[in-house]
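K.L.:
For the protein sequence lines, the chains are A and B, in the order given.
Heads up: the first sequence begins at 1 in our numbering, then just goes up one per residue.
Heads up: the second sequence begins at 341 in our numbering, then just goes up one per residue.
Read the hints as simulated data drawn from the structure, not as lab findings.
Here are some, though not all, of the chain A residues that point toward chain B, as calculated from beta-carbon distances under 7 Å:
| hint | residue |
| --- | --- |
| 1 | E104 |
| 2 | H107 |
| 3 | L108 |
| 4 | E128 |
| 5 | F160 |
| 6 | P207 |
| 7 | T222 |
| 8 | F223 |
| 9 | K227 |
Where a beta carbon is used, it is the ideal one built from N, C-alpha and C, also for glycine.
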Amino acid sequence: MIQEDLERIRQEAKAKLEEVKTPEEINDLRVALLGKKGQITAILKGMKDVAKEDRPKVGQLVNEAREAIETSLESRQKELEAKLQEARLASETIDVTLPGKTMERGHLHPNQVALREIEEIFIGMGYEVVDGPEVEKDYYNFEALNIPANHPAKDEQDTFYLGSDMLLRTQTSGVQIHEMERGKIPIRMIAPGRVYRADEVDATHSPVFHQVEGLVVDKGITFADLKGTLAEFAKGIFGEDTKVRFRPHHFPFTEPSAEMDISCFKCHGKGCSFCKNEGWIEILGCGMVHPHVLEMSHIDPEVYSGFAFGIGLERIALLKYEIDDMRLLYENDIRFLKQF
Amino acid sequence: MNTPLSWIRDYVPDLQCTDKEYYDRMTLSGTKVENWTRFDHNCEKIVVGRVEEITRHPDADHLWVCKVNIGTAYAADGYNAENDGLNGSSENCIQIVTSAQNLTIGDVVPVCLNGGRVAGGHDGGPMPEKGIPIKSGKMRGLPSVGMMCGIEELGATRDMYPEAPENGIYVFPKDQAAELSLGSDAMEALGLHDTNFEYEITSNRVDCYSMLGIAREAAVTFGDKFVPPVVTVRHEGEKDTKDYIDVTIEAKDLCSRYVAAVCTDIKLGPSPRWMQRRLANFGIRPINNLVDITNFVMMEYGQPMHAYDYDTIHGKKIIVRRASDGETFTTLDGQERKLDKDVLMICDADRAIGLAGIMGGEDSMITDSVKTVLFEAAAFDGTNIRKSSKRIGLRTDASAIFEKGLDPHNAIAAMDRACQLMEELGCGKVARTYVDVHDILPAPRVIPFEPEKINAYLGTSYTEEEMLEVFDHLELTYDPDKRELTIPTFRQDLKQMCDLSEEVARFKGYDKVPSTLPKSSATVGGLTKEMKLENIARDVAMHYGFSEEETFSFEGPKVLDTLRYPADAMERKQITIRNPLGENFSVMRTQTINGILTSLGTNYARRNDNVRLFDLGKIYLPKSLPLTDYCDERPQLTLGFYGEGDFFVMKGVVEDFLKAAGLKDKAAFAKSAHPFLHPGRQADVSYDGTTLGYLGEVHPEVAKAYGIGARVYLAVVDLPALSPYVSFAHHFAGIAKFPAMTRDISMVVPKQVTAGEIEAVIAQRGGKILESCSLFDLYEGAQIRPGFKSMAYTLTFRNKERTLETEEVDKAMKKVLNGLQDLGIELRG
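All chains should be modelled from the sequences, with the hints used to inform the complete structure.
P.N.:
Put into structure tokens, the structure is as follows:
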């Protein structure tokens, strides 16, 4: 009897299961079959009428039937859920070519972009970045740099004067002196900052611009060290394959002095309109710190030597980012700033 | 400084190089070539021809038909009976039709052949970039198979070739023409196969403001022999110069040497062609033998000279003295000049006859009737000449050289050369001796030769011999016993070991110096705390969409009026620039908002929407005025925007920046009264009692003044004020283990009660367990009775050690609510 009932229930369940369309219907079916008042439960309740010796066998049959129903319920449920999910995902298809949503990010000034690159290179080589005053004493801007009162360089630089002894620094080189006067050797520093010269504003001039001064003082520093250091710098800024060339020059506070050119990064030295057909672009001035400058800053030139360099920050920024007019740097048009 | 290459080759005869090689090698040995130009640029196929026949063009009054003999060029250049315009009727002749009116038969002229090219038009206008091609053609029906050239067509000027006619064909002077073969290179004959090099000479190399100086550098650079002119003077005059003139230097500090030489029996005339060409290629117009000699020697030796008409000098006296204040003097250009006691004068017994080193006087200038000349070669104080020339407003070729500070030894060498040329050119007789007035002249400098120090300094390993070879080329003499080098006096810049090391390095080649990194002590690099703070400011500002601007540190004093600062504002104590570029750049700024408002105004005018800028420039506050010491340079974080956003957007940025800077607690915002801000929408920011800055909406009048037709918001943080509270340390405070309890309060608040006051009460009364409170609703409007607003806060309580009891929170809430009621706040249900 029970066996027949069980078989019937299983057949019925199978048929119903094929008809159900939603997980809810499966649930209803589960309740109808296996719930407290379900058909299987009802059979279990009828066990008391079964002969005692047959009970284990019958019980086993009932359990088998129950498990089989549960398994098929479950697998049918999974099948249905997968179908539903598939349908939902299909309905959620989006147009992936619609624009992305961005938050308007701010931008660094190109000078600052260039400065960060320069700082990174020199900090990596153990240089401290230091600051110095823009409103400076005549002594630090000129005299301590071997530019005495009547030196023509004082006229050439078109200095802005603020008082009998005070001026707007025309170069960051004065920071060298401040640093040396602190008396802590070895020195490895760069000093970025504003400098001022009485030039009218045009495409290549600005009365306010920036330099990055560099100074190394220690025992046994050589001109070769200067060359090697600045070659590393040039590679770091303009790319690994950048070549450098040092030309003799004159600065009152360095001897020997040099100007450094880099191979044109557009034509790689072949000559193009960018480098005015020279294949080389002038980047900075440098040299070995003049022994008299060391002496004036209380450093014994017989024991120590050093090198110094001055980089025009705007020059690097204009070259590197191919900005053709210096005025753009101080106009602050957002359409310009956004490009950095 | 310019030199034609041909002139350099006069002193370095073995010099073999292309223009490019000369440019490269001179630049790399330290004589930087800025530019070079070929004198024969765009001139091709220009030969010497002779005009054999001239007939008027039958169909044009202003045209002439010429038969021109071009000698060897006829065959060489492929002319024949079919293309010479003459059907081969005259040997070596071609037909050229010209509009020039200055030709006569027998004239020898430059001829551009068919297929050639000339540099410019006959009008001397701007030269076309690629020149003008010349082709055979017909002019009014008659063949013309070449072109006779004017001097401008050859790229030169009448200044350089004074014999050239205005508007006409250049005709070689008869004596030169006799020596020229027809068909030969006419550019060669004109001396135009030459290149002018322009150098940047550094201020330490006075000696390079001369042909001989540059030639010496070229000789050492190329390793060729330097051959200076051999100078001997015959001194054929009957008397000594001292018989003619007595020289006294009163201002010895300004004149270290004065050499005078008298030349008698002066025969004025044109200088020889070679000298004219030299001067012409240099851009100096030849005038007469006397003037040309002084100019030539100035270029060659770098020693300006002056020639006086001896007969105009009173009392046989030359006195070198300072002018008196207010003295006036008429220079030979006819201008009256006002002088002062720092101007050095050359005077005779009665009056001034020259502005020393700058320009001679009208009274003593050379005229055609000159019979006897007094030459002057002197050494004046360079600084004084430079300053005088600047004050008087007269800068001449002579003063430009004098102001570099000349070697007094050079004066005598230059005088010898000038006198030699006077004799050679038959220009006059040189007196038996000169007058040479000077104190003890500086002796040549002696420097120890320390090759190992030079190598240690450069990081090189040159041998002694290599170094001495360079020094020998440079005319330094070496004493091997004393191991000393004697420096020639024209090299005033060589003073010590480091100077010598540069000479070795540059002539051996800077490129030959190895490239190394410092081997010495290790150092730790990094940014200062202030720089790190600035970078934090940049990061936060950029996160909120602000872009970095740069503005000038100086501006006009009137911007403070535009910004409505009162007359007694601290900001008006400004550092003034004594020599500004203009009033708008005349004071160092004491605030940064003019800069950012100007930039915002620029953007607004250009119709850029939603512009957000920030600035990390400094303000410059004097400790006292007039300025005698360092000022207080304070970097400011300045933020400004217009477009989307309001006061609270700006406040959020400021708060986030302060948080990023590591401030432990919240900064306080209190209503402020800055004149350039909206009176109801501005606040000062302070922390621990220190004012850090302010923020607010810009006053509409101010925004209008900057041309901005939108609401503008600004914030300024004084970074040095913030600096003491800044911390880059991060401490992990743990993640709360025990649950929090939250309570909401909804209130009807009198309008004048601020959120700050409410939050202060909550913070004070909430007790230790109060973790945070946040505003989640603010409403003012129709549903609330006038004079009130509705506000709602969420309060979060937590105990870090254990789970909170409801009673504890109830107790804290009760205290908070009591406190709020004291502010006149009603709680809503």
